[in-house]
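Go by the hints and put chain W onto chain F.
Here is how the chains run, residue by residue.
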Amino acid sequence: MKKKTIVIGVIGNDVHAVGNKIMYRAFTDAGFNVINLGVTVTQEEFISAAIESNADAILVSSLYGQGELDCRGMREKCEEAGIPNILLYVGGNIVIGKQDFEKVEQRYHDMGFDRAFPPGTDPQVDIDCLHKDLKMDE
Amino acid sequence: MKPVLLIDFGSTYTKITAVDVEEEKLLGTASSFTTIFTDINEGLENAVKLLEQKTGKLEFAERYACSSAAGGLKMISSGLVPELTAEAAKMASLGAGAKVMKVYSFKLTEDDADEIRAAKPDIMLLVGGTDGGNSECIIHNAGVIAGIEDDFPVIVAGNRNAARECEKILSPTHKTYICENVMPKFDQINIEPTQKQIRDIFLERIVTAKGLSKATDLISGIVNPTPAAVMKGIRLLAEGTAGEEGIGELLAVDVGGATTDIYTICDGRPTKGNTVFKGLPEPYAKRTVEGDIGMRYSIKGIVEAAGISKIAELSGIPVGRCEEMVEHLSTHTDEVPCEDDGEWARLDYALASMAIDTAVERHAGHISEAYTLMGLSFIQNGKDLSNIHRIVVTGGSLIHTKKTDEIAAHALFTAASPYSLRPVRADILVDRNYIIAAMGLLSEHYPKAALHIMKKELEDMGTVISPDLGAQKEESKFVPDMNEGSCHGF
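If you read the protein sequences in the order shown, they are chains F and W.
Using our numbering, you'd call the opening residue of the first sequence number 1 and step up by one each time.
Using our numbering, you'd call the opening residue of the second sequence number 1 and step up by one each time.
The following block holds chain F by itself, in its conformation from the complex (with noise of 0.2 Å):
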């Protein structure tokens, strides 16, 4: 089977740099042909890379609390520049302070994200989450 190829960063003014290479090492271990745009990444920048690079999903992590200002318009984004279907998944601080996550969750499906993950998600529970969206183990 062709390998999945995924997009990943840290969207906004955010330097956070360890766990970016974390996701990096898993999804690479797993199996993803993955393409990491480091930090300090923007909206433009993800679809960019996921248009030349023909990828499956974009996985936008945010550690800095302002995650939600960065994603606001991304998936209307992705429609405009003709990748209208593509898989959109966000995680990491992405809110301000404690707040109770399915309604955060709720907030991000709205804005057209596919799924949003809680600070401290396994790595392995994002993977198993591609293989299902992507349909990989059919």
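FYI, nobody ran anything at the bench for these hints, they're computed from the structure.
Keep in mind that the hints are not guaranteed to be accurate.
What the hints assert, rightly or not - Below, a list of computed lysine to any residue pairs in the SDA-like style, where the Cα atoms sit at most 25 Å apart: (1) F/K21 with W/T271; (2) W/K455 with W/N433; (3) W/K456 with W/H400; (4) W/K300 with W/H400; (5) W/K99 with W/Y284; (6) W/K185 with F/T28; (7) W/K278 with F/N54; (8) W/K278 with F/E44; (9) F/K3 with F/A26; (10) W/K278 with F/G19; (11) W/K300 with W/D340; (12) W/K25 with W/G246; (13) W/K278 with F/D56; (14) W/K185 with F/I83; (15) W/K74 with W/T109; (16) F/K3 with W/E136; (17) F/K132 with F/T5; (18) W/K278 with F/R75; (19) F/K21 with W/Y371.
What the hints assert, rightly or not - Beta-carbon label-pair distances, calculated as ranges: (20) W/E165 with F/A26: 30 to 36 Å; (21) F/G120 with W/E115: 52 to 58 Å; (22) F/G82 with W/E115: 18 to 24 Å; (23) W/E22 with F/A17: 55 to 61 Å.
Predicted, not measured: the structure shown is a model, and the values here were computed from it.
Glycine included, C-beta positions come from ideal geometry on N, C-alpha and C.
Here is chain W on its own, set in the frame of chain F:
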């Protein structure tokens, strides 16, 4: 004595340089009108006659040539995303010495096809998609190009998984060449194979098409596009040869009548701490061409970029009079100022200064500030030139004036654009005899002689320092301090 003749067939002038490779010295230079429509050798013979009046009869052991005659090497490219593969295609074409007429992104339309047909490129470069990535766009574009009834060759240098299919679509109507992908992976550019292919096609097809083949009988070596020869010369000057060091990383500026070319030989990576590099990796040897910035044919582009009031301020001429003079020069493109500090010379001083200012600003990278939880960080796009300490300048408006260093100083950092990563302090070297392209040609066989002649002949005008150096430190907070570059443990 072993004289070698180096020829540059330009669009207007055929410029020749004679050197003695044994003594490693310049014998003389001369120029005459290019005779592309009759026999290109006539112009060459006229120039040689002029040269020999100065040097006496010379028996040339070898002759090498470059050419930008008959419009130069005209290229059009098409890529996928503008900032990614389309930009890589542009970098590849410019670095190979081409004149890039247009860069298309995403899928080509029927209107685009009409435009390409009318533009009659010498070569079309088709790219798009990383290896294994998007193939839909490049295959679509191959179909559009195949439908253009003209015989220009096409280089396919995109997603390798789509290369064969593109070739099948294109080859019935266009000679097709397959190259390695200009952007095989997301954060990698690979432009050398495409540049080599461009040069091979130039030799194989373009030289004949442009009426240069008569000259090739006389010429010992292959013919290069002129900007490619210039790039070679500049690179040799910066890097040196196996046995001898060059002068180090540098910026070179050629202000012409129609365009302004900027070359940098440097890696351009961030020089300060706390800086994250973004965007496409930059080529070590980079050329950009500003098609709207030139002293005569593109004079209005300079005024548009800089503003007429800035030209008036620098030249000391009232705005109304400046406008009249600019209008006059835009139609009288062969006029050059005859006195040294008259009105026309002062106008040219202002125009050349702003041509350099604009072109270097566009070539250089820039930083933006980002406030993060870890404090202030910087994001860099493009090349950081702030540590470049040598600027080589050429072009009529710079070599026929005593104010060369003052004009060249406009390449430096200014407080007006504090986020532009331009040099802050540099030695100015002037190529008064237009020898760099010639030395690039000579370097293919005599690199040591070419390096020695350049070191000897380029005139050192001393050091210029940005007047706004202090302002840079205070205003942009962007102070070189490697101690702040620690990663704060994030």
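* **Violated hints, by number in ascending order, as checked against the structure** => none
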